[in-house]
Structures are given as structure tokens and as C-alpha cells.
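Let the sequences and hints guide you as you build the complete structure.
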Amino acid sequence: MRSLCSRKGAKYLVKVYRLTVWILIGAVLVSLSTMGFLLVQQMAYLKSGAAPRGVFMSVYLLCSAVITVLSIVQISFYFYFTRQCKISIETRQTELFNQSLKWLYRNSVMTFIEVVVHIISIVCYLLFIFSKYPY
Numbered sequence: 001m002r003s004l005c006s007r008k009g010a011k012y013l014v015k016v017y018r019l020t021v022w023i024l025i026g027a028v029l030v031s032l033s034t035m036g037f038l039l040v041q042q043m044a045y046l047k048s049g050a051a052p053r054g055v056f057m058s059v060y061l062l063c064s065a066v067i068t069v070l071s072i073v074q075i076s077f078y079f080y081f082t083r084q085c086k087i088s089i090e091t092r093q094t095e096l097f098n099q100s101l102k103w104l105y106r107n108s109v110m111t112f113i114e115v116v117v118h119i120i121s122i123v124c125y126l127l128f129i130f131s132k133y134p135y
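If you count the sequence shown from 1, position 88 lands on 88 in my numbering, and the numbers rise without skipping.
Do not take every clue at face value.
Below 27 Å or equal to it, Euclidean Cα-Cα: the simulated DSS-like pairs (lysine-lysine) are [what the hints assert, rightly or not]:
(1) Lys15 x Lys86
(2) Lys8 x Lys132
(3) Lys102 x Lys11
(4) Lys102 x Lys15
(5) Lys8 x Lys86
(6) Lys47 x Lys132
(7) Lys86 x Lys102
(8) Lys11 x Lys86
Treat the hints as calculated values from the structure; they're not laboratory data. All values derive from a computational prediction rather than experimental measurement.
Written out as C-alpha cells, the structure is:
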């Protein structure tokens, strides 16, 4: 069976895998912090009686929560790709390497979806601001 990549390439894939583990842990911590911040912010608004109302702000808050979840899913797909890639190189299984590319594709799809949700979020936030404070 042919080698999948050079030793130098294999070393880099192992380094990417190790780094991805830390990226995933960091993403989970950031996502939990973001969800906590959104919850505390919403509770503070409700307590003060100045809760932001309107469709745009509701969509913005929903988009923020969705982006947080999408980030974890996206990085998880990348983690699965690097893990399967690493295993395929260690075991020299070309078919397993080819299968790992589906996780890279899924990661790319999630990245695209996350960008679209970010754009929607920004537009809704700007519409909320301009409707509340017109020129």
C-alpha cells in the first residue's frame, strides 16, 4: 500500500489534531460564556423593565444563540476530520483518509451557514438600532 503522505506531512497533521483538541475545548468555553452573557443580559433587561422589544432584536438574540451552537458543531466536524485523518495516516488506510474528507466538507458547510447567520444577525441589529434611534 502506498504511503498517504510524507513523514513531514504526517507530523503536521498530528500537530493540527492536537491543536484542534484545544480549539474545541476553547470553543465550548467561549460558547458557554456567550450563552451565559446573553441570558444575564436578557434577565437584566427584564428586571429593569427596559427589555428590548421588536422583531429585529429578537432575531438578533436568536441568531447569537444559533451562532454559538453552530460554532461548536463546526469545530466538532473539524476535530472529527483531523482525528480520522491522523488515524488513517498512522494505519496507512487510504480509504479512511478519503472518508475523513466528508468531515472537512461538513465543516465547510457549517462555516457557510454560520457566515449567513452572522450576516442576518448584523442586519437585524442595525435595523433595530436605526429603528430605535433614527437620524
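Name the hints, by number, that the structure is in violation of. 2
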